[in-house]
Amino acid sequence: DVKVTQSSRYLVKRTGEKVFLECVQDMDHENMFWYRQDPGLGLRLIYFSYDVKMKEKGDIPEGYSVSREKKERFSLILESASTNQTSMYLCASSLVVGRGQGTDTQYFGPGTRLTVL
Amino acid sequence: SQKIEQNSEALNIQEGKTATLTCNYTNYSPAYLQWYRQDPGRGPVFLLLIRENEKEKRKERLKVTFDTTLKQSLFHITASQPADSATYLCALGEDTGFQKLVFGTGTRLLVSP
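So the protein sequences, as listed, match chains A and X. Residue 1 is where the first sequence starts when you use this note's numbering, and the numbers rise one by one after that. Residue 1 is where the second sequence starts when you use this note's numbering, and the numbers rise one by one after that.
Keep in mind the hints are simulated off the structure, nothing from the lab. Incorrect hints may appear among the rest.
[As the list claims (entries may be wrong)] Capping the alpha-carbon separation at 20 Å, the derived lysine to aspartate or glutamate pairs in EDC-like fashion look like this:
| # | chain 1 | residue 1 | chain 2 | residue 2 |
| --- | --- | --- | --- | --- |
| 1 | A | K57 | X | E94 |
| 2 | A | K3 | X | E94 |
| 3 | X | K57 | X | D84 |
Treat the numbers as computed from the prediction; the structure is a model and nothing was measured.
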């Protein structure tokens, strides 16, 4: 079974702090994703990575950065946390398949509920 | 503009009945569509995938249909059980260079005994 783990289930930080959210997957997946989930807005893609040291902006990258130094680990960084970044953060991974055969089934971690005060 | 719409109101049904959830999309050309289940405080879990050239897919008590003309997918749970209570998300995948999914906001299903 694919396992995606996230470093914390709950996190409370103060405005202006630098925040690191860590995600590790154990299935040698090439793709990794960071989403935030808010009521009424659903899952929104922040950043994704399709290979080590590669990253692409998603739909809402402002205020975030990412790091992927190893294939199994994908970190989300909030450079200076703000209250509007209070949210549930979900990490996911998926296997690269050939174009035209994509299934892109994503495997999600349990989520980190971040509160910024 | 691009939109994926799922019924934001919770669907309440009685145990044993069939639950039907809808996913409508606008201005997308999905190569496939997926359905996920999400329990409170947990990450989504993959349930089913259906490709654009498939009309229907089944897995145990689950059935998904995909109508690219109507731009709609229906997700059915037959003989529903209280344990089926959760939020169900649809997600579209376009056959582009990067393998991303776009998620709907989900519909909450409540199955009462």
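Against the structure, the hints come out as follows:
Distance restraint check for K57 of chain A and E94 of chain X: the Cα-Cα separation of roughly 17 Å lies within the 20 Å cut-off, and the hinted pair is therefore satisfied. Restraint check for K3 of chain A and E94 of chain X: the C-alpha separation of about 25 Å exceeds 20 Å, so the hint is violated. Straight-line distance between C-alpha atoms of K57 of chain X and D84 of chain X comes to about 19 Å, which keeps the hinted pair within the 20 Å bound.
Hint compliance for this structure: hint 2 alone is broken.
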